[in-house]
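Visitor: From first to last, the protein sequence lines are chains X and F. The opening residue of the first sequence carries number 1 in the numbering used here; numbering runs sequentially from there. The opening residue of the second sequence carries number 1 in the numbering used here; numbering runs sequentially from there.
Bear in mind the hints are in silico, worked out from the structure with no lab data behind them. The beta carbon of each residue, even a glycine, is placed where N, CA and C say it ideally should be. All the given hints hold, so there is nothing to weed out.
So these bits of chain X aren't anywhere near chain F, every CB distance computed over 10 Å:
#1 7
#2 28
#3 111
Which stretches of chain F does chain X cover? Using the computed rule of at least three CB atoms under 8 Å from a CB of chain X, they are:
#4 34-43
#5 102-111
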Amino acid sequence: SQQGEEDPQALSIQEGENATMNCSYKTSINNLQWYRQNSGRGLVHLILIRSNEREKHSGRLRVTLDTSKKSSSLLITASRAADTASYFCATVLSGGGADGLTFGKGTHLIIQP
Amino acid sequence: GAGVSQSPRYKVAKRGQDVALRCDPISGHVSLFWYQQALGQGPEFLTYFQNEAQLDKSGLPSDRFFAERPEGSVSTLKIQRTQQEDSAVYLCASSLVTGPGVEKLFFGSGTQLSVL
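Whenever a hint applies, use it, and build me the whole structure from the sequences.
Guide: See below:
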């Protein structure tokens, strides 16, 4: 079963614009992570935000977390063609457990040159 | 190696055939995970190892699926009597951290399995 649900499922924007994608989850978390997957490749870790944090930045990435709404958003500023990929949120449930990360279905982002 | 290595990259099997998928994690990474990713979906958890111990295999879809990591490094995912519904990308990931609060998994490029 998948804990996270990304929205939108697909997003197409022009190069240089900002891209925002959202993630909702169902149960209490320890941390939430965002991953990128280029076509035919494995997933690459982008950023992690802990349950006691509200916002985090890394380069052109900005992540927010609202634990009361059980939601997170990923903002990519000044998008580039190379940002075209699928983006997944993944949660680590509070209380841990050995099953690591639970992924959503992803947002497929297309940056038009 | 520098990253997680999986082999083969592609595998075509006839229905009923047995297959074995290999994962070489990053050296020193204690935790190893297997995920199954269907086309257009997110990765679904299969099983988890801490060193050589398989601590969670709750995601394995049936008893045809078997995973091992006998020396705490390389892992093999074996699927017996493959079925068409087994067609998917099988991803391996490793992590330095163990236990609760898993952070930053490093993924291999996956093995794309096609069962005809």
